[in-house]
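Chains as they are written, first to last, in our numbering: chain A, 6 to 199; chain B, 6 to 199; chain C, 60 to 326.
For the record, the hints were derived by calculation from the structure and aren't laboratory data.
For every residue, glycine included, the Cβ atom is placed at its ideal position computed from N, Cα and C.
Check the hints yourself; a few may be wrong.
[Claimed, not checked] Simulated coverage check for chain C against chain A, where a stretch passes if three residues somewhere in it have a Cβ under 8 angstroms from a Cβ of chain A: (1) 148-160; (2) 184-197; (3) 212-219; (4) 294-301.
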Amino acid sequence: MDSERLKPILEALLAASDKPLTINTIFDLFVGDLEQPGKDDIRQAMHELAEKYNNSGLELKQVASGFRLQVKPAYETWVSRLWEQKPPRYSRALMETLALIAYRQPITRGEIEDIRGVSVSSNMVKTLQEREWVKSLGHKDVPGKPTLYGTTREFLDYFNLKSLNQLPTLAEIRDLDQYHPELAFTEKSETSVN
Amino acid sequence: MDSERLKPILEALLAASDKPLTINTIFDLFVGDLEQPGKDDIRQAMHELAEKYNNSGLELKQVASGFRLQVKPAYETWVSRLWEQKPPRYSRALMETLALIAYRQPITRGEIEDIRGVSVSSNMVKTLQEREWVKSLGHKDVPGKPTLYGTTREFLDYFNLKSLNQLPTLAEIRDLDQYHPELAFTEKSETSVN
Amino acid sequence: MENFANTASNQSEMPFALVQGEPLTVIPQDLYIPPDALLVFLEAFEGPLDLLLYLIKRQNLDVLNIPIAAITRQYMEYIELMEELELELAAEYLVMASMLAEIKSRMLLPRPISSDDEDDPRAELIRRLQEYEQFKKAAEDLDALDRLEREIHLTNIEIPAFEIDMPLPQVQIKDLLAAFRDVVNRAEQFASHHVEREPLSVRERMVSVLEKISADEFTSFYDFFDASEGRMGVVVSFLAILELIKESLIEMVQSEPYAPIYVKAKS
Chain A
6 MDSERLKPIL EALLAASDKP LTINTIFDLF VGDLEQPGKD DIRQAMHELA
56 EKYNNSGLEL KQVASGFRLQ VKPAYETWVS RLWEQKPPRY SRALMETLAL
106 IAYRQPITRG EIEDIRGVSV SSNMVKTLQE REWVKSLGHK DVPGKPTLYG
156 TTREFLDYFN LKSLNQLPTL AEIRDLDQYH PELAFTEKSE TSVN
Chain B
6 MDSERLKPIL EALLAASDKP LTINTIFDLF VGDLEQPGKD DIRQAMHELA
56 EKYNNSGLEL KQVASGFRLQ VKPAYETWVS RLWEQKPPRY SRALMETLAL
106 IAYRQPITRG EIEDIRGVSV SSNMVKTLQE REWVKSLGHK DVPGKPTLYG
156 TTREFLDYFN LKSLNQLPTL AEIRDLDQYH PELAFTEKSE TSVN
Chain C
60 MENFANTASN QSEMPFALVQ GEPLTVIPQD LYIPPDALLV FLEAFEGPLD
110 LLLYLIKRQN LDVLNIPIAA ITRQYMEYIE LMEELELELA AEYLVMASML
160 AEIKSRMLLP RPISSDDEDD PRAELIRRLQ EYEQFKKAAE DLDALDRLER
210 EIHLTNIEIP AFEIDMPLPQ VQIKDLLAAF RDVVNRAEQF ASHHVEREPL
260 SVRERMVSVL EKISADEFTS FYDFFDASEG RMGVVVSFLA ILELIKESLI
310 EMVQSEPYAP IYVKAKS
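Kindly generate the complete structure, drawing on both the sequences and the hints.
Following this line, the structure appears as structure tokens:
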């Protein structure tokens, strides 16, 4: 089956599906057909389809659980006017906890608390689990056997990412010896004044 | 705003909307914008957009209540296999809406939204009504006369209940949690679908 | 919350400057502060590290070389204010206070000339501040990503139903129960965050703030605070302003972080 015949089928499938589709899932749909496309054919057609959407209001995006058809963020202004409800907002505490889980997984609640310097409420972890952004990865082999948390595929899907590698890079941590010695002077004079 | 700029916006709106859109509805969405298209501009762009979809798996169709993007019936074969392969599941939002109607009936859509903290799409209520689990019980005597919803006999039959009294109480649900904490987890690991 | 953080921090800068050196005046009897509303103060900071980081950034200081004595003093002023307002201070704030005091006293001890990092009493604090700052930034970056429900909308393309015989989803009663439990739990969580009806004193102050400002010109944020009313009076003004922002009756303008704040009526 050539790409020209395959493309509209993929389009129909992506539009009809309520979750992202993988190449494998799509491949399986053709099993038993007389004309059965190979996985490479599907990949090729998907690629061409994505290009076709370049000048449209939609885009074909690959996220963690597969390919999905979505509205381009550029048109969000108008689309959001269709709904009265505002998008949910998340607190800084929740986002910091989520960031720690995303970048430092597997991580325990205690480790998150150490870095944030405050306690993490169990409600917050529950909210993250209910959103299906965070899941338990098992238990750490230390006294108390605390739960180790990690992020889910749904987390990546939600934030429009294909893999954890696509997360923004962390700011660097500088060594203490990188500061200029002359500044140490201010510190000393300051200390003596007080 | 010319047709080339208008088309992707229309595309985004039609793809995102959960119901058909009329020219008037679309026109109103631009009110207040610096560049506000006229109704004829919108009609013209809609026309061009429909042509653009000629060779795709989707089509832009005018139905009684407006314009909508839909999957071309010609691709039914593959789309229906998608459902065979992955039986559909109700989204978390839909399940919560159903639970609130079951436990708090008679209830209006606004009341459900207040408790859930997010909007309830008209599609969701429609799906529940089509399933014959939910029906209108009349209208609440407040401004706007919102519909009051309740569950049907079919709902009770489906869940094998003789009457609403047989629905477990919230206390029992919490007990269930205590004795079978894994239940709460199974719930989470399943992907929700809408 | 970001707005709150900004206003809260700048606000706290102001009463210190005005109140310091003056004996604390008698708290006006008619000023009652709802305890819930005061949480706004505490919630402006995500904990002691966040508060410290704020104090450092406000003065354009390098985290790698914090003037411990000055920072400790400013930190203690915040702690005292929170205590004075009878906020239930999280234990972490007090732990940090004693850590700062300890570092400060160790800084006063003579150090060998060839000191490396290990000998700097601030090393551990600096490491923690940097690590926290790293994730604070990561959280902001994450929050800025395009995401579903905000920038990204999924398509809702119709499948002509009469053509396709779609099986109906199957539901078990435990699914229904779980959904109800979740929604009730969430609603309870939400309810506990409801701030009580604010007392008359804040409402009165809201009116007087509105009388003071106009839509055409900017009024300095600091003009709304009168040191002679004491800290409680200042807090009431602050709450009134927060409430007015929440109700979109006034606008706040700050040209850049830590710059002076101006207030004007929403036109």
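List of violated hint numbers, smallest to largest: 4
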